[in-house]
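Chemist: Top line first, the protein sequences correspond to chains A and B. 369 is the number that my numbering gives the last residue of the first sequence; the numbers go up by one with no jumps. 1369 is the number that my numbering gives the last residue of the second sequence; the numbers go up by one with no jumps.
The hints are simulated quantities; they were obtained by calculation from the structure and are not laboratory data. Don't take every hint at face value.
[Stated by the list, open to error] Estimated spans, in silico, between C-beta atoms of each pair: (1) A:Ala355 / B:Ile1090: 23 to 33 Å; (2) B:Asp1236 / A:Lys283: 28 to 38 Å; (3) B:Leu1066 / A:Asp338: 39 to 49 Å; (4) B:Gln1005 / A:Met1: 25 to 35 Å; (5) A:Glu345 / B:Met1002: 40 to 50 Å; (6) B:Thr1356 / A:Gln316: 12 to 22 Å; (7) A:Gly360 / B:Arg1098: 36 to 46 Å; (8) A:Glu345 / B:Ile1090: 41 to 51 Å; (9) B:Arg1098 / A:Asn206: 19 to 29 Å; (10) A:Gly27 / B:Thr1356: 53 to 63 Å; (11) A:Ser15 / B:Glu1178: 15 to 25 Å; (12) B:Gln1235 / A:Glu369: 18 to 28 Å; (13) B:Ala1082 / A:Thr319: 20 to 30 Å.
Remember, predicted model here, so these are calculated numbers, not experimental data. Cβ atoms here follow ideal geometry from the backbone N, Cα and C, with glycine treated the same way.
Protein chains: 2
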Amino acid sequence: MMQIQVKIPAIAGTSYTVTIGTDLLGGIIEDVRQIYPRHRFFLITDANVLTAGLPGRLAADKSDELMSFIIEPAGEVSKHIATVTAICEIMDKNAFGRDTCILALGGGTVGDIAGFAASIFKRGVPVVQIPTTTVSQADSAVGGKTGVDSTISKNAFGTFWQPAAVFVDVSTLKTLDERQYRAGLVESVKHALIRDAKYFEYLEQNLDKILARDESILQKLAVYNCRIKAAVVEQDPKEANLRRILNYGHTIGHAVESASNFKLLHGESVAIGIVGAGIIEDKLGLVKDDRLGRIKAMLEKLGQPTSIPLYLAKQQVLTLISHDKKAAGNEIRFVLLDKIGQVHEEKGKWAVPVATELIGESIDLLFHE
Amino acid sequence: MMQIQVKIPAIAGTSYTVTIGTDLLGGIIEDVRQIYPRHRFFLITDANVLTAGLPGRLAADKSDELMSFIIEPAGEVSKHIATVTAICEIMDKNAFGRDTCILALGGGTVGDIAGFAASIFKRGVPVVQIPTTTVSQADSAVGGKTGVDSTISKNAFGTFWQPAAVFVDVSTLKTLDERQYRAGLVESVKHALIRDAKYFEYLEQNLDKILARDESILQKLAVYNCRIKAAVVEQDPKEANLRRILNYGHTIGHAVESASNFKLLHGESVAIGIVGAGIIEDKLGLVKDDRLGRIKAMLEKLGQPTSIPLYLAKQQVLTLISHDKKAAGNEIRFVLLDKIGQVHEEKGKWAVPVATELIGESIDLLFHE
């Protein structure tokens, strides 16, 4: 077991611990009781996590006492404000008060919805993030971003709400189906690309063991991911500038994900977005070596798409890109790489404007990569 | 014109200015442009404020350029999450981004809804509060509480989201009908009761001028109110303890307001709640002088109710009190006075537990005050 401290200096007195290990679930409630001895727990999870039996392992022998909300159907289709409202209404009707502690058990959707609910219930109650997927363990559980989709764009509504604690139990990854497991690994690739060339090499060298879900390697990945994420979030919790590097591959990724109506998984969409960012980097003369080949080779070994499926409409993808939250003053901004492990900076900014025509040409190419 | 600085030390770097004066509306947008030169403005107001012609005065000659959302019907009946969602969806569909600045023009409901929308749109954009009613100018516009009602309780869902700036234009109070104008003055009475005996005397001495809406007196009230509110909020922005004193009269007040299905105005309900708190104080031996007589006399001169209307059901009022957010660990807590200008403290706490039986007896009496 390994613990990493995340400090959010912009919010006085705020810090929390990320605990990484195997077979942690059964001890979490007892651990959290140390922080909140008198709070009432409320569990938020989804139908898939329930089927995998994880809520029972979390509650140990006390399932009867733990009230819960099961998000159904699981996944992005439930990630809208009506789900958040339903959760808050149920807590309110059952006389949960400010002394509520929400446990979020599941993937990114569960964490985003539960974190959002926690941030608005009685003007904010603590949430403990217990991510159970590759994508949420690598990325979304740490950092305090919460949110749901609007009718037209992803994560349009939400808050910054740091968790009270995070528990990364890599054993839970064994419950994932192969497609979901692999897609989530793209967030680990992204972390390596933006901050750590050595981590990228480590991923290249251990791909087979990673795909075999070797628990000791998975714990190492979790430590790499949490350290990178924590270091960035600590410096810029509200995404004024530096934190935007975590969106590498996400500008095109989110657009493609929405355009596919979520037939493409988040990680698959980000894989396409990473290749798209690479094409833009190439057009802008930022690529001096064969890094695009290395990156594409890794994504392909992970079984990820590296081009936009032909059934998507180019114009819709472009419209969705222009709705991206990083858009400001009609400029569309991208996070781009100078090299593996190093994001490109321009005039002190980590998300840089890219001309509309160049984006259009790159999207054309991305249909045929 | 007078400016008061509010500093929220728990949030690094957060402070904002409250500007108090007459005929301010036409200059506000220009003032805010100094802080946010490149933001797009979005106006949130309601049908009553529109009828009173205030949005036109705010927009000056540029009404066409200012996109807006009109809450309709005005008032508590629209204060639910569907309204917040509708506002956010409209902004999203019109490609408003993180560089949005929301202008909240209206009473407490408009401010609470607009502040909540600002706090969750794209994970938070600035909001400028421009309160136009006695209750919102005295209380809700400063301090950063936002929220909407659930199906069973008031302000059940919301956030703490400090405004970017507040403009208190007392000229706007001339647009209020007599009942709404008077009810809102109860929040000024509350401020005097919890923090400033001299302010209470000032109110007693100037009641006629206040009721005649004398602008120079109204500006003095605004300065008193904002100073008291700011001093409390600065010390305890998230209502861990001290800030609860601002809820004086609100525990019973909110319950009565909900039970009446909002036929009672907020200020009228708080007037009843203040008398109710007085009865509890009396039963607990906290009243040594004739302060209840003075307080009731003032409320009566303001034309406020001082007893629970007989058409309300006692049991419903008691149930709603137990849903109050100040309830914790099954204890119902009240803010109580030691004397005018001084809240009662117990073991370092400003909201103190009161036995259920004593609450029941006090509510009985409050039906027949």
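Chemist: All hints are to be evaluated individually against the structure, with a verdict given for each.
Modeler: Evaluated hints:
1. A hinted range of 23 to 33 Å holds for the C-beta pair Ala355 (chain A) and Ile1090 (chain B), which are about 30 Å apart.
2. At about 54 Å, the CB distance of Asp1236 (chain B) to Lys283 (chain A) disagrees with the hint of 28 to 38 Å.
3. Checked against the hint of 39 to 49 Å, the pair Leu1066 (chain B) and Asp338 (chain A) passes, with Cβ atoms roughly 42 Å apart.
4. The given range of 25 to 35 Å is broken by Gln1005 (chain B) and Met1 (chain A), whose C-beta atoms sit roughly 48 Å from each other.
5. Judged by the Cβ atoms, the range 40 to 50 Å given for Glu345 (chain A) and Met1002 (chain B) holds: they are separated by roughly 44 Å.
6. A hinted range of 12 to 22 Å for the beta carbons of Thr1356 (chain B) and Gln316 (chain A) is inconsistent with their spacing of about 59 Å.
7. Between Gly360 (chain A) and Arg1098 (chain B) the Cβ separation comes to about 24 Å, which falls outside the hinted range of 36 to 46 Å.
8. Take Glu345 (chain A) and Ile1090 (chain B): their Cβ atoms lie about 36 Å apart, and the range 41 to 51 Å is violated.
9. In this structure the supplied range 19 to 29 Å is violated for Arg1098 (chain B) paired with Asn206 (chain A), their Cβ-Cβ distance being about 38 Å.
10. Between Gly27 (chain A) and Thr1356 (chain B), the C-beta spacing of about 37 Å breaks the proposed range 53 to 63 Å.
11. At about 53 Å, the CB distance of Ser15 (chain A) to Glu1178 (chain B) disagrees with the hint of 15 to 25 Å.
12. At roughly 58 Å, the beta-carbon separation of Gln1235 (chain B) and Glu369 (chain A) lies outside the given 18 to 28 Å, and the hint is violated.
13. At roughly 27 Å, the beta carbons of Ala1082 (chain B) and Thr319 (chain A) sit within the given window of 20 to 30 Å.
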